[in-house]
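Note that the protein sequences, when read in sequence, are chains C and W. Following my numbering, the numbering of the first sequence begins with 1 at its first residue and continues without gaps. Following my numbering, the numbering of the second sequence begins with 1 at its first residue and continues without gaps.
Treat the hints with caution; some may be incorrect.
[Claimed, not checked] Below, computed lysine to any residue pairings styled on SDA-like, alpha-carbon distance capped at 20 Å:
hint, chain 1, residue 1, chain 2, residue 2
1, C, K163, C, K175
2, C, K175, W, E6
3, W, K14, C, L126
4, W, K14, C, L146
5, W, K8, C, R168
6, W, K14, C, R124
[Claimed, not checked] Partial list, computed: chain W residues near chain C (C-beta under 10 Å):
hint, residue
7, E6
8, K8
9, A9
10, R13
11, K14
12, P16
13, R22
14, R23
15, M25
16, E29
Since the hints were derived computationally from the structure, they do not count as laboratory data. Backbone N, C-alpha and C fix where the C-beta goes; we use that ideal spot for every residue, glycine too.
The residues making up each chain are set out below.
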Amino acid sequence: MTAFATEALLAGPTPLERAREGDHEAFAGIIAEHQRMVFSLAYHFFHDRSRAEEIAQDVFLQLFRNLSRIESESHLVHWLRQVTSRRCIDQVRRTRLRAVTLDDAGDLAGTESHADPLLGRRLRELIAGLPPKQRVIVTLRYQEDLDPSEICRIVGLPVNTVKSHLHRALRALRKQLGETA
Amino acid sequence: MNLENELKAALQRKSPRPDLGRRVMARVERRNPYRAIAAALLLTAVLGGWTAREIQHRREGERARQEVLIALRITTEKLRTAQQYVHDIGSERQ
Numbered sequence: 001m002t003a004f005a006t007e008a009l010l011a012g013p014t015p016l017e018r019a020r021e022g023d024h025e026a027f028a029g030i031i032a033e034h035q036r037m038v039f040s041l042a043y044h045f046f047h048d049r050s051r052a053e054e055i056a057q058d059v060f061l062q063l064f065r066n067l068s069r070i071e072s073e074s075h076l077v078h079w080l081r082q083v084t085s086r087r088c089i090d091q092v093r094r095t096r097l098r099a100v101t102l103d104d105a106g107d108l109a110g111t112e113s114h115a116d117p118l119l120g121r122r123l124r125e126l127i128a129g130l131p132p133k134q135r136v137i138v139t140l141r142y143q144e145d146l147d148p149s150e151i152c153r154i155v156g157l158p159v160n161t162v163k164s165h166l167h168r169a170l171r172a173l174r175k176q177l178g179e180t181a
Numbered sequence: 001m002n003l004e005n006e007l008k009a010a011l012q013r014k015s016p017r018p019d020l021g022r023r024v025m026a027r028v029e030r031r032n033p034y035r036a037i038a039a040a041l042l043l044t045a046v047l048g049g050w051t052a053r054e055i056q057h058r059r060e061g062e063r064a065r066q067e068v069l070i071a072l073r074i075t076t077e078k079l080r081t082a083q084q085y086v087h088d089i090g091s092e093r094q
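Next comes chain C alone, as it looks inside the complex:
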């Protein structure tokens, strides 16, 4: 037995393994660890706190029902990003919603170190006006710091399509910022 395997055995089951076996406390720990990522993906998509929290709750409930399919911690993160992104796009498709309200943006407990808060607010407003796929891709790129090869696996599009969406989104944002500047 290798030193790594021995160490893994001594460490005991991971929170994911414990949650899979029905340990609710372990599942609550998983939520606590990933809720900012899931909530923020939905929040940056909708710019609506209630809707983002609703999506986050639904994503975690779906996770609870699918715990047996999650193979590892990295698979869990990928799964959460994928399901959240798809839920956001699906909800827009169903309701044709383009929420741009920013009334509650100031209340959010973020750690924003933006030099220009007005520019940040304007950017979020402009992102909320992008087509749904571009919105998801921009959020995954700049919130989650993923490159197009990782984003394409989450959104299920060819990497060149992702690059093209990203390029178009940035061009649109530059243009709109230029117009409002």
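Since the structure of chain C is provided, determine the placement of chain W on it from the hints.
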């Protein structure tokens, strides 16, 4: 202005309300059918056990009552026979 840096700053992760996890867990508990089934099975087992014991007690009581009735019937029969015997002896002497 570097747009990519501005986007990274604008799209930093935000925190949801602190009770998000609690609300999810409440929904998990509500939706977990196994707990409800386990509770129903436990209740059925307890009620079933209590009912079976009650039926057993009633049967035992009924059996004891029947035995007492049979004993009384035999005693009555014996007494009647003895009374008849005494009556017959009295008749013969007269």
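Hints, one by one, checked against the model:
Restraint check for K163 of chain C and K175 of chain C: the C-alpha separation of about 18 Å stays at or below 20 Å, so the hint holds. Note on K175 of chain C and E6 of chain W: the hinted pairing holds, with a Cα-Cα distance of about 15 Å set against a maximum of 20 Å. Proximity of K14 of chain W to L126 of chain C is assessed by CA-CA distance (about 18 Å); at most 20 Å being required, the pair is judged to hold. Only pairs whose Cα atoms come within 20 Å are accepted, and K14 of chain W paired with L146 of chain C is accepted, the gap being roughly 17 Å.
A threshold of 20 Å between alpha carbons decides the hint, and for K8 of chain W with R168 of chain C the separation of about 17 Å falls inside it, so the pair holds. Pair hint K14 of chain W plus R124 of chain C holds up; C-alpha atoms about 13 Å apart against a cutoff of 20 Å. Given hint, E6 of chain W at the interface with chain C, holds; its Cβ is 6 Å from that chain's nearest Cβ, closer than 10 Å. The interface hint given for K8 of chain W is met, as the beta carbon of that residue sits about 5 Å from the closest beta carbon of chain C, less than 10 Å.
Look at A9 of chain W: its Cβ gets to within about 4 Å of chain C, closer than 10 Å, so that hint holds up. Given hint, R13 of chain W at the interface with chain C, holds; its Cβ is 4 Å from that chain's nearest Cβ, closer than 10 Å. A distance limit of 10 Å between C-beta atoms decides the matter here; for K14 of chain W the minimum to chain C is near 4 Å, and the interface restraint holds. Contact between P16 of chain W and chain C, as hinted, is supported at the beta carbon level, the nearest pair being about 4 Å apart and thus within 10 Å.
For R22 of chain W, the suggested interface contact is upheld, since its CB lies about 8 Å from the closest CB of chain C, less than 10 Å. A least Cβ separation of about 6 Å between R23 of chain W and chain C falls short of the 10 Å threshold, and the interface hint therefore holds. Hint on M25 of chain W holds. Least Cβ distance to chain C is approximately 6 Å, under the 10 Å limit. Hint on E29 of chain W holds. Least Cβ distance to chain C is approximately 8 Å, under the 10 Å limit.
The structure fails none of the hints (numbered hints given earlier).
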